[in-house]
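Novice: Following the hints, position chain C against chain E.
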Amino acid sequence: MTTKILTTRMGEHPSDSNTMARYLDTGGYATLKHALASMSPEQIAAEVKASNLRGRGGAGFPMGVKWGFLADSDPKYLVINADESEPGTFKDRQLLERDPHQLVEGIVISSFALGINRAFIYIRGEYAKAARRVQQAIEEAYDAGYLGEDIFGSGFSLDVSIHLGGGAYICGEETALLNSLEGKRGEPRLKPPFPAVAGLYARPTIVNNVESISNVPWIVANGGVAYASIGPERSAGTRMFSLSGHVNKPGNYEIVMGMSWRDLIYGIGGGIRDGNELKTWIPGGASAPWLVPEHLDTPLTIDDVTALGTMLGSGAVVVMDETADVVAAAHSIVRFFAHESCGQCTPCREGTRWLQDILERILNGTGRTSDIDLLLDVSDNISPGLTWPPAMTTICPLGPSATAPIISITMYFLDEVRAKIDGFEVAVG
Amino acid sequence: MSGSMNRAVISHWSPDNQERAAAILASYPEQRSAVMPLLYVASREHRYVTEDAMKEVAELVGISASQVLSVASFYTMYKREPVGDYLISVCTSISCHLLGGDQVLDAASSAAGVANGETTDDGRISVERAECIGACGGAPAVQVNYELIEGITPDKVTALISWLTDTEPNVVFTDEMQQLFGGERSFDWGPTESTGATSAVPAFAPYGSASEGT
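In order, the protein sequences belong to chains E and C.
Its first residue numbered 1, the first sequence is counted upward by one per residue in my numbering.
Its first residue numbered 1, the second sequence is counted upward by one per residue in my numbering.
Source of the hints: derived by calculation from the structure; they are not laboratory data.
Everything numeric in this text was worked out from a predicted model, so none of it was measured.
All C-beta atoms, glycine included, are put in the ideal place defined by N, C-alpha and C.
Be a bit skeptical, because a hint or two may be false.
As the list claims (entries may be wrong) - Here are some chain E residues pointing at chain C (derived, C-beta under 7 angstroms):
1. ASN18
2. VAL65
3. GLU84
4. ARG132
5. GLY183
6. TYR266
To be verified - Which chain E residues face chain C? A few, computed with CB under 8 angstroms, are given here:
7. LYS33
8. HIS34
9. PHE61
10. PRO62
11. GLY125
12. GLN135
13. ASN248
14. ASN252
15. VAL318
16. ALA324
17. PHE336
Here chain E stands alone, though its shape is the one from the complex:
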């Protein structure tokens, strides 16, 4: 269970894993040279499809299948989603800062496979250091001939540049990202059409996450079947988990899926700080409904976690111990979504703000007995039935995401919410 694909180089060469010299020294760009010289685009795409890699941005859609939807009409674009903003998630930042050439090599191989000559890396504006590192890698790659015209005499040309975001979480949604890249407000588009048919500038476009594309060099070097054989079926490969909150050893961990939550939180994460009791945790970023100790022995696979009515999402695990005030935690999450709502759809724009205001008054000691029903009613207007995956009255899943903490605190901690409303002191630790 110690297989590492993405973090080998940065683990073994912590002082300079971001540089071209170290990348070349550890076999970097050899796969690209091999692919350009002796593989067809179709062969590469077939390896990626065989890998069964499911997108690492949160939705978990198979990358090879997504590639298969790309309409065959030039020009086409590849856009890398490096707008990592889901609260709890910081895995892509590490991949960008510590191994930017791995991403660049993945971009060149992927573009060759897809017949694309122009790629963009959309990096969130607050990732100043990550953007510098990637920019440096792009410049080094141009200088060395891995980017630009007629790469190594293959006849294949590719230009890559960074587009810096402006501090809007919603741009992580792929159609909002494309609007942003077009110089517009980051408002999600109605689908269909999907980006693979009409994306950037209404041209066929593939949008993939940083972690997904960073896996491509390994997949092409070792074969899709080898990748698919790592970990459980339907959750193939390694995966970056961002662990944070009340654990002893927070951080990013590249692990093979299939271990239990207990292994992750108590093994890898070193258990709960100060010897406290585990209260609850968020399994896949702030958008995901929470889990509680009775779920500790469920395996970490996309499908097992989905079966619990939540999701593995972006791989961000936020742990709360017995001292956590779950109403205040839910308020922090709801405030995030209210702040980040793009404002297009009424249920999200108005509903997230209502949820924030209601939680605020409960926290301030002025909550009303009817507020619990009101929270659920507003949530139900955003996401009818409060099921998972959520039904939507909105263009994108941002609004429904804001109902996740409401569902969680009313399902598992109703007494604590009630006690706050009733004005009693709650012993939380």
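Specialist: Frame of chain E; chain C shown alone:
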């Protein structure tokens, strides 16, 4: 479509920023894509996005000023009022919230003597509440001009603000500030960072250099 920039529109910008604007416009398949990076260049020029700058960017790109405003007003990193030399962004999203981010924000506000979203009268320090800045493993975290400090505390952020006010660094370096005021980080090893930020505008090529520390 590219390469036909009307330089007269921004002839009062610094030569460097004029060059950056030209390079940005030439780098996109369609000119409107240049709006966001041009707004960053305009912020470098004026310290924030002025009304005139929005008109200038509109003319460069070939859209209306109100379309530029629609973009500038959507994204939190475009400031339409002057920002201090040092923009302190305090994260209070879930992981930082659980580990004291709200107390860090309160301490930063009271040390600077300004409320959330405001700037000191002398134009030195701005304090804002930030939503998740991707430093959850090193929570709570703050950024100074988007340069990260992880594992901060209310006391340390107070010391940070005194240090900024007293020493007035021209460039803020993430490694230096982390060393002085930080604690546990999200990933606690790796190459050192020799570049930092000179202003509250994110900097990287082509409108800042990856190697010059701008």
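Novice: All the hints need checking, so say for each whether the structure fits it.
Specialist: Hints, verified against the model:
1. ASN18: Where the cut-off is 7 angstroms and the nearest Cβ of chain C is about 6 angstroms from ASN18/E, the hint holds.
2. VAL65: violated, 27 angstroms
3. GLU84: holds, 6 angstroms
4. ARG132: Cβ of ARG132/E sits 5 angstroms from chain C, so the hint holds.
5. GLY183: With a closest approach of 4 angstroms, the GLY183/E hint holds.
6. TYR266: At about 17 angstroms, which exceeds the 7 angstroms cut-off, the nearest Cβ of chain C leaves the hint on TYR266/E violated.
7. LYS33: violated, 25 angstroms
8. HIS34: Because about 28 angstroms separates HIS34/E from the closest Cβ in chain C, which is outside the 8 angstroms limit, the hint is violated.
9. PHE61: violated, 23 angstroms
10. PRO62: This hint is violated: PRO62/E lies away from chain C, its Cβ roughly 26 angstroms from the closest one there, beyond 8 angstroms.
11. GLY125: holds, 5 angstroms
12. GLN135: holds, 4 angstroms
13. ASN248: violated, 11 angstroms
14. ASN252: This interface hint holds because 6 angstroms falls under the 8 angstroms limit.
15. VAL318: VAL318/E check passes; min Cβ-Cβ to chain C is 6 angstroms, inside 8 angstroms.
16. ALA324: This interface hint holds because 6 angstroms falls under the 8 angstroms limit.
17. PHE336: This hint holds: PHE336/E lies near chain C, its Cβ roughly 5 angstroms from the closest one there, short of 8 angstroms.
When held up to the earlier numbered hints, the structure conflicts with 2, 6, 7, 8, 9, 10 and 13 and fits the remainder.
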